[in-house]
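Visitor: Residue-level listing of the chains:
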Amino acid sequence: MSFRENGLMYALGSLVVGFVILQAVVFLIKAWRRGREIGISVETLKNAVVQSSLFSLGPGLSFSATLLMLSVSMGLVLPWIRLSIIGNIVYETTAAETALNAYGVQTGLAAPVADPVAFAAILWVMTLGCILSLVIIPIFLKKIQKKMGSTLQKRDNKWADAMSAAAFIGIISAFIGRALAGQGNMKMAVPGAGLMSVAALLSSVGVMIFLEQLGERKNSRFLQNFAMPISMYFALVLVVVLAQVLPENIAFFEFRGRV
Amino acid sequence: MKKRSYIDSMHFTGRIWMVLALCVMISVPLFFCIGNNAWPTLFSVLAGLGPIAVIFYPTAVIEVIAFSPLLGVGGTYLSFVSGNISDLKLPCALAAMESADVRPGSEEGEVISTISIAASTIVTTTVVTVLVVVIVVLMRVFGMDDTSQVKSTISFLAPALDNALPALFGALGASYFRKHFRISVIPVAVILILLLFNGTLASGTLVPVGVVVGLLSAHIMYKKGWLKNA
Numbered sequence: 009m010s011f012r013e014n015g016l017m018y019a020l021g022s023l024v025v026g027f028v029i030l031q032a033v034v035f036l037i038k039a040w041r042r043g044r045e046i047g048i049s050v051e052t053l054k055n056a057v058v059q060s061s062l063f064s065l066g067p068g069l070s071f072s073a074t075l076l077m078l079s080v081s082m083g084l085v086l087p088w089i090r091l092s093i094i095g096n097i098v099y100e101t102t103a104a105e106t107a108l109n110a111y112g113v114q115t116g117l118a119a120p121v122a123d124p125v126a127f128a129a130i131l132w133v134m135t136l137g138c139i140l141s142l143v144i145i146p147i148f149l150k151k152i153q154k155k156m157g158s159t160l161q162k163r164d165n166k167w168a169d170a171m172s173a174a175a176f177i178g179i180i181s182a183f184i185g186r187a188l189a190g191q192g193n194m195k196m197a198v199p200g201a202g203l204m205s206v207a208a209l210l211s212s213v214g215v216m217i218f219l220e221q222l223g224e225r226k227n228s229r230f231l232q233n234f235a236m237p238i239s240m241y242f243a244l245v246l247v248v249v250l251a252q253v254l255p256e257n258i259a260f261f262e263f264r265g266r267v
Numbered sequence: 003m004k005k006r007s008y009i010d011s012m013h014f015t016g017r018i019w020m021v022l023a024l025c026v027m028i029s030v031p032l033f034f035c036i037g038n039n040a041w042p043t044l045f046s047v048l049a050g051l052g053p054i055a056v057i058f059y060p061t062a063v064i065e066v067i068a069f070s071p072l073l074g075v076g077g078t079y080l081s082f083v084s085g086n087i088s089d090l091k092l093p094c095a096l097a098a099m100e101s102a103d104v105r106p107g108s109e110e111g112e113v114i115s116t117i118s119i120a121a122s123t124i125v126t127t128t129v130v131t132v133l134v135v136v137i138v139v140l141m142r143v144f145g146m147d148d149t150s151q152v153k154s155t156i157s158f159l160a161p162a163l164d165n166a167l168p169a170l171f172g173a174l175g176a177s178y179f180r181k182h183f184r185i186s187v188i189p190v191a192v193i194l195i196l197l198l199f200n201g202t203l204a205s206g207t208l209v210p211v212g213v214v215v216g217l218l219s220a221h222i223m224y225k226k227g228w229l230k231n232a
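Chains A and B are the protein sequences, given in the same order.
The numbers in the working numbering rise by one with no breaks, and the one at position 254 of the first sequence is 262.
The numbers in the working numbering rise by one with no breaks, and the one at position 230 of the second sequence is 232.
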């Protein structure tokens, strides 16, 4: 069996995945208990779990695209590990490519990595390239939180609200901007803005506005809580249907092509 | 003995888990090298790490400063281990806080954010694990030689897999832009202008730009008294 998918790799993968899930369970229990202590209702806590789970299912499934893409060169286990711990497509592909280049492997991610030493180099680069946050958080997070907390307390609530909304809107803008005007990348299999991305974006926006207003009008707690995941899944089903019914050159047209 | 506050206890627990996470992460390349007796040279690792560190180390610092006040203490210790923060964990946490009608920074917000990120982490990690098992089973049952055959079998789902982010951020954007229209205009406009000049800019680059522009423009509007109905 290949060194990329042998028993040792599966054991290491299980260790990483087990660790990540265990940490999440421990934090979930701790926060749940504290929530009950400070008077948050079980229903509110349950809603947070259900809503976040539904919200994560779609993007979680979309990781399969990254998993399959990286598995060609690295086997299944390493992408599985990397997507479970500090993983994302841009980081993983960049790290793997630079490690392979440094090792003189010219095929990049297009062919299986046959040399265990080059594979080991990828593992080290991927690991060392993303551990800085794990080093600085235990040392500096308490200070950052204290500083930010005291800054916010000196100001009024309106600025505190506006500040968190503005930071998050900045994040949303980046992804919406890419869906409207981004260019695709052939090598990293990153899609560009096109009919599909605009259809997904606009249908999700439309359904969300409709459901929010319906929820407010009917005073439906369910709609108010689950409008977001419903809108997201509607958009995902829509693009699958569009891809089936539209001619391929129209359905997969990207405004700016791919580099 | 004085009882630790919830936040202090989260810092204590979080630090232990962070150190453990570091050990687990390092154990992967270390045990691979030991198990396969395959040791790359220090030079080759550093040559590969250099270009990565130049991009991702400053990004890591910016992300910790920009995201941790929104994620809360527990949320930060959790999400920086499992990753995908700006494109999944943070949106999840903020949507959950909005639904529960609590604010980031408050103790209620801290609790809801941690619960939301924990649930998201469990779901995504489980989904990826199940996908690996399904792919392995599919390959064995249908005698497929490599994963490219699996890829072509599920190609009809590709549009959904490729467009999960526009779908997710469309729903989030609709809700946020409606409530905070004034502070939304400038970050969206700046990102679009940047993309018109360079369409290849990745979301990893655009996110810090969007956050800084969003905060600066909101601050100016706040100072000018334009945020009465932001």
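Hints are computed from structural coordinates only; laboratory data are not their basis.
None of these values were measured; they are calculated from a predicted model.
Fair warning: there could be bad hints in the mix.
Cross-link-like lysine to aspartate or glutamate pairs, in silico, DMTMM-like; alpha carbons within 25 Å at most [what the hints assert, rightly or not]: (1) A:K38 to B:D10; (2) B:K153 to A:E224; (3) A:K154 to B:D10; (4) A:K151 to B:E110; (5) A:K54 to B:D147; (6) B:K181 to A:E224; (7) A:K166 to B:E110; (8) A:K151 to B:E109; (9) A:K195 to B:E109; (10) A:K38 to B:E109; (11) A:K150 to B:D147; (12) A:K195 to B:D10; (13) A:K166 to B:D147; (14) A:K195 to B:D147; (15) A:K155 to B:D147; (16) B:K153 to B:D103; (17) B:K153 to A:E262; (18) A:K38 to B:E110; (19) B:K181 to A:D169; (20) A:K166 to B:E109; (21) B:K153 to A:E256; (22) A:K154 to B:D148; (23) B:K226 to A:E224; (24) A:K38 to B:D147; (25) A:K54 to A:E224; (26) A:K226 to B:D103; (27) A:K150 to B:E109; (28) B:K181 to A:E220.
Visitor: Now tell me if each hint is right for this structure.
Guide: Status of each hint after checking the structure:
For the hint linking K38 of chain A to D10 of chain B, the alpha-carbon distance of about 13 Å falls within 25 Å, and the restraint holds. With a C-alpha separation of about 42 Å, the suggested pair K153 of chain B and E224 of chain A falls outside the 25 Å cut-off, and the hint is violated. With a C-alpha separation of about 11 Å, the suggested pairing of K154 of chain A with D10 of chain B holds against the 25 Å cut-off. With a C-alpha separation of about 21 Å, the suggested pair K151 of chain A and E110 of chain B falls inside the 25 Å cut-off, and the hint holds.
Using a Cα cut-off of 25 Å, the hinted pair K54 of chain A and D147 of chain B is violated, with the two alpha carbons roughly 43 Å apart. Taken as a hint, the K181 of chain B and E224 of chain A pair is honoured in the structure, with Cα atoms around 14 Å apart against an allowance of 25 Å. Between K166 of chain A and E110 of chain B, the direct Cα distance comes to roughly 18 Å. Compliance with the 25 Å bound is thereby established for this hinted pair. Of the supplied pair hints, the one linking K151 of chain A and E109 of chain B holds, its CA atoms being roughly 17 Å apart against a limit of 25 Å.
For a cut-off of 25 Å, the pair hint linking K195 of chain A to E109 of chain B is broken: about 44 Å separates their Cα positions. For the hint linking K38 of chain A to E109 of chain B, the alpha-carbon distance of about 13 Å falls within 25 Å, and the restraint holds. Restraint check for K150 of chain A and D147 of chain B: the C-alpha separation of about 50 Å exceeds 25 Å, so the hint is violated. Our distance criterion of 25 Å between C-alpha atoms is broken by K195 of chain A and D10 of chain B, whose separation comes to about 45 Å.
Proposed proximity of K166 of chain A and D147 of chain B is contradicted: the alpha carbons are some 59 Å apart, above 25 Å. For the proposed pair K195 of chain A and D147 of chain B, the alpha carbon gap of about 23 Å is at most 25 Å, so the pair holds. For a cut-off of 25 Å, the pair hint linking K155 of chain A to D147 of chain B is broken: about 55 Å separates their Cα positions. With a C-alpha separation of about 42 Å, the suggested pairing of K153 of chain B with D103 of chain B is violated against the 25 Å cut-off.
Proximity of K153 of chain B to E262 of chain A is assessed by CA-CA distance (about 21 Å); at most 25 Å being required, the pair is judged to hold. For the hint pairing K38 of chain A with E110 of chain B, the CA-to-CA distance comes to about 13 Å; that is within 25 Å, so the pair holds. The straight-line distance between the Cα atoms of K181 of chain B and D169 of chain A is roughly 11 Å, inside the 25 Å bound, and the hint therefore holds. Proposed proximity of K166 of chain A and E109 of chain B is supported: the alpha carbons are some 18 Å apart, at most 25 Å.
A distance of roughly 18 Å separates the Cα atoms of K153 of chain B and E256 of chain A; the hinted pair therefore holds under the 25 Å criterion. About 51 Å separates the Cα atoms of K154 of chain A and D148 of chain B, which puts this hinted pair outside 25 Å; it is violated. With a C-alpha separation of about 32 Å, the suggested pair K226 of chain B and E224 of chain A falls outside the 25 Å cut-off, and the hint is violated. Between K38 of chain A and D147 of chain B the CA atoms are separated by roughly 45 Å; this puts the pair beyond 25 Å, and the hint is violated.
Annotation: proposed proximity of K54 of chain A to E224 of chain A holds, straight-line Cα distance about 21 Å (limit 25 Å). For the suggested pair K226 of chain A and D103 of chain B, the alpha carbons sit about 19 Å apart, so the restraint of at most 25 Å is met. Taking the CA atoms of K150 of chain A and E109 of chain B, the gap is near 15 Å; set against the 25 Å cutoff, the hint holds. For the given pair, K181 of chain B sits about 12 Å from E220 of chain A by alpha-carbon distance, which is consistent with the 25 Å threshold.
Consistency note: the structure conflicts with the earlier hints numbered 2, 5, 9, 11, 12, 13, 15, 16, 22, 23, 24.
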